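Asker: Those protein sequences? They're chains A and B, same order as listed. Mapped onto our numbering, the consecutive letters of the first sequence carry residue numbers 2 to 113. Mapped onto our numbering, the consecutive letters of the second sequence carry residue numbers 2 to 113.
One should not assume that every hint holds.
[Unchecked claim] Quick list of the computed label-pair ranges, beta carbon to beta carbon:
id	chain 1	residue 1	chain 2	residue 2	range
1	B	Ile77	A	Tyr40	44 to 52 Å
2	A	Pro41	B	Ile77	26 to 34 Å
3	B	Glu42	A	Ser84	43 to 51 Å
4	A	Gly42	B	Asp57	28 to 36 Å
5	A	Phe112	B	Pro71	43 to 51 Å
6	B	Ala101	A	Glu70	33 to 41 Å
7	B	Gly60	A	Thr29	32 to 40 Å
8	B	His11	A	Ala18	18 to 26 Å
9	A	Thr27	B	Ile55	23 to 31 Å
10	A	Gly62	B	Pro9	17 to 25 Å
11	A	Pro113	B	Val84	36 to 44 Å
12	B	Ser88	A	Glu43	32 to 40 Å
[Unchecked claim] Below 25 Å or equal to it, Euclidean Cα-Cα: the simulated DMTMM-like pairs (lysine to aspartate or glutamate) are:
id	chain 1	residue 1	chain 2	residue 2
13	B	Lys45	B	Glu19
14	B	Lys45	A	Glu16
15	B	Lys63	A	Asp96
16	B	Lys28	A	Glu43
17	A	Lys50	A	Asp96
18	B	Lys52	A	Glu9
19	B	Lys45	A	Glu43
20	B	Lys63	A	Asp3
21	A	Lys78	B	Glu41
22	A	Lys69	A	Glu16
23	A	Lys50	B	Glu42
24	B	Lys28	B	Glu53
25	A	Lys69	A	Asp96
26	A	Lys78	B	Glu19
27	B	Lys45	A	Asp3
28	B	Lys45	A	Glu9
29	B	Lys52	A	Asp55
30	A	Lys50	B	Glu19
31	A	Lys61	A	Glu16
No lab work stands behind these hints, which were simulated from the structure alone. Keep in mind the model is a prediction, meaning the values are calculated, not measured. Quick reminder that beta carbons are idealized off the backbone N, C-alpha and C, glycines included.
Here is what each chain is made of, one letter per residue.
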Amino acid sequence: GDSVTQMEGPVTLSEEAFLTINCTYTATGYPSLFWYVQYPGEGLQLLLKATKADDKGSNKGFEATYRKETTSFHLEKGSVQVSDSAVYFCALPIDGTDKLIFGTGTRLQVFP
Amino acid sequence: NAGVMQNPRHLVRRRGQEARLRCSPMKGHSHVYWYRQLPEEGLKFMVYLQKENIIDESGMPKERFSAEFPKEGPSILRIQQVVRGDSAAYFCASSPPQGAAFFGQGTRLTVV
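Next up, chain A with everything else stripped away, as it sits in the complex (with noise of 0.2 Å):
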């Protein structure tokens, strides 16, 4: 079935170091791909999203790439800063709906 796997974490860093976060995905076609961030106590706010292969999403200074080949969705951004702390989730819709499959998350600590 689809699934979705990310790299764990916590993942450290101190402030304007270049971060990735990897994501791999199994899935039936070719369904679109989102990044999802959860900053402490609040919900999950859509941060990336890219619908077909080659397609790059970006926001905020952050991209990731929709590597068919590779099945491959890793987060990426080049100088990170303390607000950037937070839980990034991987996600794909499956069965054709916006019924997500999360990935289990990536805690990000950045510290200046």
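Based on the hints, put chain B in the right spot on chain A.
Answerer: Positioned in the frame of chain A, the structure of chain B alone reads:
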């Protein structure tokens, strides 16, 4: 356009009581999804509803849990005879047909 509104934000129930969680979708959204997030875990799909219809309840526990999305009013997730293991954050999401899901801030249920 207000976002997805969930209430209450925090709910404390004693074992054996009933918990009622409410979700008002974004204006124009006809699809509602409920997810549960256990501590230190990702979100798990529970149920997908459209107005007056349960479309997919494959993630709902077989007993004590029910959900509805009436023609008028918010969607309700009801948990009867709560147990400690029901303590979690419950998130509602809404979407238009074939659109990205927007999440509420969640209801944190604590069973004491």
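Asker: Is it true that the C-beta distance of His11 (chain B) to Ala18 (chain A) lies inside 18 to 26 Å, as the hint says?
Answerer: With a Cβ separation near 35 Å, His11 (chain B) and Ala18 (chain A) fall outside 18 to 26 Å, so the hint is violated.
Asker: Lys45 (chain B) and Glu43 (chain A) were given as a pair; does the straight-line alpha-carbon distance stay at or below 25 Å?
Answerer: holds (17 Å)
Asker: Holds or violated: are the alpha carbons of Lys63 (chain B) and Asp3 (chain A) at most 25 Å from each other?
Answerer: holds (23 Å)
Asker: Do the beta carbons of Gly62 (chain A) and Pro9 (chain B) sit within 17 to 25 Å of each other?
Answerer: Because 34 Å falls outside the window, the suggested range is violated.
Asker: Does Asp96 (chain A) sit within 25 Å of Lys50 (chain A), going by the straight-line distance between their CA atoms?
Answerer: Given pair Lys50 (chain A), Asp96 (chain A) holds - Cα atoms ~18 Å apart, limit 25 Å.
Asker: For the pair we were handed, Lys45 (chain B) and Glu19 (chain B), check the Cα-Cα distance against 25 Å.
Answerer: Holds. Lys45 (chain B) to Glu19 (chain B) sits at ~21 Å (cutoff 25 Å).
Asker: Taking 25 Å as the top limit, are the C-alpha atoms of Lys63 (chain B) and Asp96 (chain A) close enough?
Answerer: holds (22 Å)
Asker: Mind checking the alpha carbons of Lys78 (chain A) and Glu41 (chain B) for me, to see if they're no more than 25 Å apart?
Answerer: holds (24 Å)
Asker: Under the criterion that the straight-line Cα-Cα distance not exceed 25 Å, is the pair Lys45 (chain B), Glu9 (chain A) satisfied?
Answerer: The hint holds at about 17 Å.
Asker: Does 32 to 40 Å hold as the CB distance between Gly60 (chain B) and Thr29 (chain A), or does it fail?
Answerer: violated (19 Å)
Asker: Is the hinted pair Lys78 (chain A) and Glu19 (chain B) satisfied, with a Cα-Cα distance of at most 25 Å?
Answerer: Not satisfied, since the Cα-Cα distance of roughly 44 Å exceeds 25 Å.
Asker: Can you confirm whether the C-alpha distance between Lys52 (chain B) and Asp55 (chain A) stays at or below 25 Å?
Answerer: violated (36 Å)
Checked against the numbered hints listed earlier, the structure breaks hints 1, 3, 6, 7, 8, 10, 12, 14, 18, 22, 26, 29, 30; every other hint is satisfied.
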